[in-house]
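Going by UniProt numbering, the residue at position 2 of the sequence shown is 2; the numbering climbs one at a time, nothing skipped.
Derived from the structure by calculation, the hints contain no laboratory data. Fair warning: there could be bad hints in the mix.
To be verified - Now the in silico label distances, taken between C-beta atoms and shown as ranges:
1. E50 to V6: 31 to 41 Å
2. E50 to G89: 36 to 46 Å
3. I42 to G89: 16 to 26 Å
These numbers were taken from a predicted model, which means no experiment stands behind them. All C-beta atoms, glycine included, are put in the ideal place defined by N, C-alpha and C.
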Amino acid sequence: MAAWPVATLDLHGCTAAEAERRVDGFLRQHTRSSPGEVIEIITGKGTRSEGRPVLPGLVRECLDGRWRRSVSDWAGTPGGGSVKVRLRGRRRGGTEG
Numbered sequence: 001m002a003a004w005p006v007a008t009l010d011l012h013g014c015t016a017a018e019a020e021r022r023v024d025g026f027l028r029q030h031t032r033s034s035p036g037e038v039i040e041i042i043t044g045k046g047t048r049s050e051g052r053p054v055l056p057g058l059v060r061e062c063l064d065g066r067w068r069r070s071v072s073d074w075a076g077t078p079g080g081g082s083v084k085v086r087l088r089g090r091r092r093g094g095t096e097g
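Produce the entire structure from the sequences given, and follow the hints as far as they go.
Next comes the structure, spelled out in structure tokens:
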């Protein structure tokens with residue numbers, strides 16, 4: 001997914017509960033304001049976590065779960081640490097995504 005994101009959410013330092021709330025709010029906002037566009041969610045790689053990385057899996061679960069109908073496509077970025085998300089909806093040129 002080569003498109004430049006129109007918005008970015010950085011979850012560094014968030015707890016799982018806080019990250020989930022922030023992801024939901026970010027997706028809710030941008031499904032309305034940026035349909036058909038690409039957004040980015042930065043999770044970090046989890047290298048500073050005390051245990052296993054939590055945020056990358058949490059974001060994947062959100063995108064494949066309750067937000068799957070609002071998301072056209074998503075992919076991790078090279079090197080990890082973030083996810084680019086193409087939202088469903090109108091794209092430039094007026095076609096539905």
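Evaluated hints:
Roughly 34 Å separates the CB atoms of E50 and V6, a value that falls within the hinted 31 to 41 Å. The supplied range of 36 to 46 Å is met by E50 and G89, whose beta-carbon atoms lie about 39 Å from each other. Between I42 and G89 the beta carbons are some 23 Å apart, a value that agrees with the proposed interval 16 to 26 Å.
Checked against the numbered hints above, the structure breaks none of them.
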